[in-house]
Amino acid sequence: MKSAVVEGGAGSAPCAPSREADIGDKIYQLVKDIFPFCRSVAGEGVRETLRRLKQEIDLVIREVPSGTEVYDWTIPREWTVRDAFIRNASGDKVLDFRACNLHVLNHSAPIHARMPLRELRDHIFTLPDQPDRIPYRKSAYAESWGFCMAHRQLMALPDGDYEAVIDSSLEDGSLSYGEYLHVGASDEEVLLSSHICHPSLANDNCSGLALLTLLARHLAGQRTRYSYRFIFAPGTIGALAWLARNEANTKRIRHGLVVSCVGDGGGPTYKKSRRGSAFVDRAAGHVLRHASPGSAILDFSPYGYDERQFCSPGFNLPVGLFQRSLFGTFPEYHTSADNLDFVQPEHLASSYSMIQAILCVIENNFTPVGTLLKGERQLGRHGLYVGGDGAPAMQSANMAMLWTLNLADGNHTLLDIAERADMPFAELLSVARRLQAHGLLEP
Amino acid sequence: MKSAVVEGGAGSAPCAPSREADIGDKIYQLVKDIFPFCRSVAGEGVRETLRRLKQEIDLVIREVPSGTEVYDWTIPREWTVRDAFIRNASGDKVLDFRACNLHVLNHSAPIHARMPLRELRDHIFTLPDQPDRIPYRKSAYAESWGFCMAHRQLMALPDGDYEAVIDSSLEDGSLSYGEYLHVGASDEEVLLSSHICHPSLANDNCSGLALLTLLARHLAGQRTRYSYRFIFAPGTIGALAWLARNEANTKRIRHGLVVSCVGDGGGPTYKKSRRGSAFVDRAAGHVLRHASPGSAILDFSPYGYDERQFCSPGFNLPVGLFQRSLFGTFPEYHTSADNLDFVQPEHLASSYSMIQAILCVIENNFTPVGTLLKGERQLGRHGLYVGGDGAPAMQSANMAMLWTLNLADGNHTLLDIAERADMPFAELLSVARRLQAHGLLEP
Amino acid sequence: MKSAVVEGGAGSAPCAPSREADIGDKIYQLVKDIFPFCRSVAGEGVRETLRRLKQEIDLVIREVPSGTEVYDWTIPREWTVRDAFIRNASGDKVLDFRACNLHVLNHSAPIHARMPLRELRDHIFTLPDQPDRIPYRKSAYAESWGFCMAHRQLMALPDGDYEAVIDSSLEDGSLSYGEYLHVGASDEEVLLSSHICHPSLANDNCSGLALLTLLARHLAGQRTRYSYRFIFAPGTIGALAWLARNEANTKRIRHGLVVSCVGDGGGPTYKKSRRGSAFVDRAAGHVLRHASPGSAILDFSPYGYDERQFCSPGFNLPVGLFQRSLFGTFPEYHTSADNLDFVQPEHLASSYSMIQAILCVIENNFTPVGTLLKGERQLGRHGLYVGGDGAPAMQSANMAMLWTLNLADGNHTLLDIAERADMPFAELLSVARRLQAHGLLEP
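Chains as they are written, first to last, in this note's numbering: chain A, 1248 to 1690; chain B, 1248 to 1690; chain C, 1248 to 1690.
The set of hints was computed from the structure by calculation and includes no laboratory data.
Everything numeric in this text was worked out from a predicted model, so none of it was measured.
Be aware that one or more of the hints could be misleading.
Copies of the same chain look alike in the list, so a pair counts if it fits in one copy or across any two.
Straight-line Cα separation of at most 27 Å, DSSO-like style, residue types lysine-lysine; simulated pairs [to be verified]:
id: 1; residue 1: K1279; residue 2: K1301
id: 2; residue 1: K1621; residue 2: K1385
id: 3; residue 1: K1340; residue 2: K1385
id: 4; residue 1: K1621; residue 2: K1498
id: 5; residue 1: K1385; residue 2: K1279
id: 6; residue 1: K1498; residue 2: K1279
id: 7; residue 1: K1279; residue 2: K1621
Input sequences plus hints: build the corresponding full structure.
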């Protein structure tokens, strides 16, 4: 693999800054496009979304029939919802699915009935603590029906009879997921995965879907060391369906990230793989430490997104979770406030840049070896000394060379050096290439 | 040993809460019963105490003759004290052993002499910093005579001649210690030891003696994985005498605790074994972290109680020290204020409960193995999901299942899982049994 | 080597306190003697200094011809400066080398020219932030000429023409360095190195040169376990020249210290070797922790003094850097304020004492083995118990014995014990010798 490493090290794609200066706007536009679709675990909403992503990259869409057993789970029926509302005695709609698809319990069974408010209330979910926001709720594995509503609005409803209508169906069909493979020099893979089962929630997870799609498009024209596998699948059951169909192939996965909630201004947050010291854990930890003083590196726990499946003990893949604000910790989480105002192009762009930086470490890490190990190099003689009068940038440039040369003994990778020097990997990568070009490191 | 483990894991004694709800009161009563005896390193006071403990458990009382060489030490002569007082010129007793046995230097030689106060003073110990308390002092290995007295009282004595009487004798006899073995499924042993050489000091160590005695009685009717050996011996020399007589048997000791000062409201404190990472050190550290925010886990040092002997390099046994307030750090320590008011039933009960919890970990730790390792379990399908609306208790119950299943790969014991999940061992043990009952873990 | 260890352990030199009570004054006097010489990388200034040191110890002075290739470097020409000044139009000297040799750019090419101030300014270095101090600057590897001056003085110069004279020459000759070997029982060596290339800077590094010279003189009459090699060489190129001539001998170096800036009142500071866990790193860390609450232990970095060369990857020697204030962090650094007032006998003496304490650990560390490992020793029986009424010194003396005996199992060196007991090595060494004398440790 040595040659592949060196080849990759000589300028591979993920380190090259995106040629699209307006990448934040482009991701945001794609978020906007897929925001309205009423996704669920299985049904047309997912397929509409996948078709939109396919306009950007050559996505393969796969179907898994309802009823298929997947480890401890069963692929559910497809959910179709045509309309839903609650009408008061005067015939006015007091809740309307067309205004916001969160109003219907996701994967809800159909209902058409008239009942008094006190009875209907048992089927209405609200957030008393956030009385103006509609909660997102789902019931994919137990058949029930229900609505979601702003608490203040529910409180304002007068007693009396209401007509509850959910014009939905739950029928055998299939669960859909999308897959895209960027082929690199090696068949060792980097897995990048985003869940696609939530309806109109912008951060969770239109943001992740859009970011990974445009990252895949960016890679398309590039030569890389690793192959990159993108998966857009419904949470839990979709990831499990992919794993069940690809058990043998999981051996190829060397690194991976689950990506969601990447459009808000919080974090960044990285949750480590179950292994805790996988290379991706070190790479992401390194990048985040240098990206922001507010970054949080969390240990693995068996609660969260699809890293739970990839890291279940039978797979135990080296896959972590990248987010901005951690799921469940921001008030907009799983509410109607997770909308197109909550995500911003600038945050999408910086998330994109951090994920690229993590992949840059994975793609380009190598073990530099100095051509002279005895004594310090005289940088000036090689035209490498950055002169000036002690300005920090100059000092940093010289220190990066000194660190790289001092640790280029064949026992340290560039990430080892970056960590010991406490400098960004990308800066040391650029220094290492310069030192190679001047003959101070082996080519 | 696998079967013993599983057998033990299925409901063994130390985890079962004591059936005696009033355990604190019962321990306290026993403390009261043994408090008055005038114990010393060797003599009738120890035997009276052992006979009282034998009313609770089937204690074996052993005798080691004076003069026996025990490693670097020699069993001292027996001490008998019949009376002791100081009388002033008018014939009034200004100090009386019958009022408090701390008044006599423990193991004091006899004296009957009249002398001026300035001469007598050289033989009177006081605590100038705590002028109303009588200190506890002993002289077991160097012959001398003396009294202990409240400093304020000594200061108030007028000059003049006094009659000093200590009607004691130091004669060849034997050192006594008590031993009790609860036989479990395995002949591997847990050692539980309390020193029995202090006179009327309630916390140090009537409390430890009484607690271990009632714990032994509680175990008597139970099936356990380990055998439990209880030792009630005079400090240092008693522990060494036991070690010298049982050198070969020390190989069986897998875990152990020295127990003293367990009736005050401080701590809890755990001082690690010399090994520093023995299983009992992990178990006690785990239990104490969850028991109290004020708990202190201390590294081993060669100063303290009989853990010094069990942990001397030639034995290096996995034995730690459990206390409430650490010896030497509370003002009542080794004074007449360490009396029956200083120890309380509630503290005795909570110490009992913490020691039971430590033994529960030792007794029940095992390596759970999931019956399906690929993908997360669908808890709802198995009737295990604890529903509700995100209340902490519900979340904790589900998290305990998720952690156990995620780490049930054959490489983690239940204590490993409890530490990684940061949850009490007992909670995970109950969860693991439930998961076994539902077929999600191997039986 | 066991016998050498024991021999060394029985009272070897570096632990014996210097017989010279006025060692600080003696070091200071030597600092004063060598302060005036105008040292540079190569030239007569270095030789004058070495000749003065040779009055104290039997120094060998070695010469390396200009033009010799030394790894990535070339031995420069010798610099000779006879006079230098700037004269104004009236013929008054506004800068005079004879007042302070920092006034001339070290290793400056000759110049004799008249030019307007605005042109001359490009060749004058000042410190705007410290306007009354003359900076120290050098140009050993690129030919240029220049002056150094107080900023305030430069600002006060009226416009007009000035006469700039540097009567210097750069000619082939040789670089000089001094070497002194104290022969011990073993041919394993401790390296002690101080740079000798700076002109009149008292702390950096007349202090290091003087301290090591008097330490070498102190060792001269002593029996030691290790051999001690002292090197007084120009920074970087001098250390490299020594390494190039002694490559095979570097295998003998077991421990080492670079010593500079040891006369100010800051720190102490120890910068670890590149290995990070060399024995000298542990020994110095231990000594400094006990020496001062203000001590700083720093990780290796490839910037600093000659530890950079000794620790370059092809050598990777176990050599750290001992300083008081860390180079570059004190305002007097590399200015005319680093003068004979800045260094003080008391600081030189305490630096000397700390370096001795580090060498004491290196020289005397051994693995004590108890003659009885079972049970605690009865210190009183051996006349070793330090009685009294709990005073801290008494407790500490007994604890030192208890720790040593408890860990004297053949698996712990005396430094291991000192670290675990959190007591100074020298105290435990004295205790261990006492225990050996009483037969409690093997001889």
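Here is what the structure says about each hint:
{"no.": "1", "hint": "K1279 to K1301", "result": "within (16 Å within a copy, 81 Å between copies)"}
{"no.": "2", "hint": "K1621 to K1385", "result": "between (65 Å within a copy, 24 Å between copies)"}
{"no.": "3", "hint": "K1340 to K1385", "result": "within (22 Å within a copy, 85 Å between copies)"}
{"no.": "4", "hint": "K1621 to K1498", "result": "between (41 Å within a copy, 14 Å between copies)"}
{"no.": "5", "hint": "K1385 to K1279", "result": "within (22 Å within a copy, 62 Å between copies)"}
{"no.": "6", "hint": "K1498 to K1279", "result": "neither (36 Å within a copy, 67 Å between copies)"}
{"no.": "7", "hint": "K1279 to K1621", "result": "neither (58 Å within a copy, 36 Å between copies)"}
In the structure shown, a violation is registered for the earlier hints numbered 6, 7, in ascending order.
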